[in-house]
Amino acid sequence: MLKKCFGVILVMSLVVTIFTGCGTKDKAEKTDSGKTSVSDNADGQSNLEQSKEIDVFSIIGSDGQPLILPTEKKEVPERPEDPKALAEEEAGHWWDIEYAGWTTEKENLPKSPADGAIGKKVVLLKAGDHPYWTAYVNGFTQIAEAYDIDFKILNGNWNMDLQSQQVDQAINEKPDAVIFAPVDATACAPLMRKINQAGIPIIASNTIPAEAAMKYCTAWTGPDDWGQFRMIARHFADEMGKKGGYAIVRHMPGSSPYFARTFAPITELVEYAPDMELLAMDTANLEAEATMQLVSDWITKYGDDLKGLILAGDGFSMTGTEEALKNTGREDIVVVAAGNCKTGMDAVKNGVCSGITYQSAEGDGAIALYTAVRFFNGEELDPVAYLPRHIITADDVDNYMPAQW
Amino acid sequence: MPAKDNTALSGSRFSNVDNKSGISKLFDKAGVYVIALCLVILGIIVSPTKFLTPDNLLNILRAVGMLGITACGLSFVIYSSQMADMSVPSAMAFSGIITVQFLHLGFVPAIILGIIFGMLIGLVNGIVVGYFRANAILWTLAMQFGMEGIMRYVWSGNQLYPDLEPGTSGAAFVNIFRLEVFGIPFLIIVMIVLYIIADIIMKKTKFGNQLKLVGSAIDAAKCTGINVRKTVLYAFLISSFTASIAGIFITSMNKLGVYYLGEGYDFKSVTAIVIGGMALSGGRGNIWGVLGGVLVMGLLNNILTFIGIPTAVQNVFIGLVFIAVVALHTYKLRKVGKDYA
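Keeping their order, the protein sequence lines are chains A and B. Using the working numbering, read the first sequence as starting at 31 and increasing by one per residue. Using the working numbering, read the second sequence as starting at 7 and increasing by one per residue.
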């Protein structure tokens, strides 16, 4: 009995040590952004006037870049008659996914109150926990503080059933808007419909929902995965002299990057560098050990024919790839990846990786809420607002340090 | 009762299972290595020039190194008839995070603290399962969820990066995974050493004999005066110890600590152990068989990638092998009147 008690006391004391000693919840460690908040504004102005005067473009993120950059528009080509009838190597095959949301006919959208954003109430339904999402919330919070927005964050924990319950909870909160980052792009349609029927405007964020859901969204904001990967495909081809065999380490099966970060480069390279040959593509579930084994096996199998690798993630996929290249002595292989976490940026800096896409997690969170602010201000919104596209290379990687996550 | 007698008692329980012809016995003893040999032959057929090269074989070993370490410790839990320890991933992640967190105290203290904190999970598991007789799978699953939540809360879901400046503890830490001794990865050496120690513990010590009796005939073990609760506690401690070591390697490899490192190692380890011939009902199998199971998983992945079979389908193959092995065990046991494998 004495030993049992001792064990329990030991466990409890060590747990307390963790909570008190190791916690890094440095809430006070906010970016010194020099932002203008509502309290700085003169009295006597209407909410709308004060709201429009706040300069969020001067807020700087933790990576030293502006938190909000002008969003990008995209030229939308005409939709092929039957995209699915085209081969997967043809860009038209992916039209419905690549240009999702641009031509959607909206349904029952709430009208803007056009009375300013200050003091409004917003609920963020985030998909789950991940270091990217921690940075996302940081960006979101900075915009909320700038406009004195009362917000509540509900964490879906990558579980659609939980997110479904949270939708009811969000509706009960009677917010002025909901920012919705869906766990599942298709299954979120009835949830969005429910929010829409409650008369609450929805700004969808990060993951592009299916067309059936998009019609209930006032706008969608997030990274332009297809555009970014078309851009990095060209950079990749240039680095490889537009010839040689390459392979793709894919994202988690079923996710939207699983398709975008595979078929954007494939379809782009067919046009831009037709002499390049796709040797293999597979997922390693974004795990370092699995990626190490996969890439090592590819190098053994294809030998010198394998000249380049495209990675759908620059975190654990990059670590695994780096190890495989070192173990096999194939550091000549050109590597590009989706970015931009610390591991990826370190890889660019030390020459392992030729380029990564710039995707600000803080900017992703910030632009979603800023779009809601624009809605409250009565501004006209594009149905889709992309984060800016950019490829980070060794030439400018220092400008994006320290990494957001 | 002396440990030797315990062994004899547990052995007699399965005397009718062991009463087989020479070929059948040989297959039972070296079964998993027969499968491994078949896979090697298949690999040579699939890729005659590239499969049987030192580089490729070393790649296979590197890829299963951490799995080998977790499976080694987990096999003690299964051997003790506790089915599984589903908290292996959280022990891995926790030991890694703690190590990175305390690197400022120095390399060795950080590693020791990482292992101690990781083993705390095993201590709690051992107390609850061993002393309070909770269902091992349910409890360790709950522990896994609970620990994941604690890590997410305490570190706000962030990744912890060690300081990688040359000469720092952080730089030494990330080199653990990359260290080679005479061209052999340190990870592989640690794995082999752990298996040798595990084999000695299982075969040559009083604890090993008691574990076998607890796993194969718990009532008999109690009658002979064995402290069953303590034996189960030690099994979970060993499991969390090896999980912590694997956690330090996986954190070193990734150069960061985060709550989801180690995900999937619970089921993969159980699969390797079962393929290696260790019975989920406890008390049967041996540690070298477990190593064979680990190698079979590495070989399978390697060969299937050579053939060009996608990872998702490879998982189906591994799952099918798992089901087949469990079905075979169950069939053999039912033939002699036992209920499950």
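Mixed in with the good hints, there may be bad ones.
[To be verified] Cross-link-like lysine-lysine pairs, in silico, BS3-like; alpha carbons within 27 Å at most:
1) Lys212/B x Lys228/B
2) Lys356/A x Lys228/B
3) Lys273/A x Lys56/B
Read the hints as simulated data drawn from the structure, not as lab findings.
Comparing the hints with the structure gives:
no.	hint	verdict
1	Lys212/B x Lys228/B	holds (15 Å)
2	Lys356/A x Lys228/B	violated (54 Å)
3	Lys273/A x Lys56/B	holds (25 Å)
Checked against the numbered hints given earlier, this structure breaks only hint 2.
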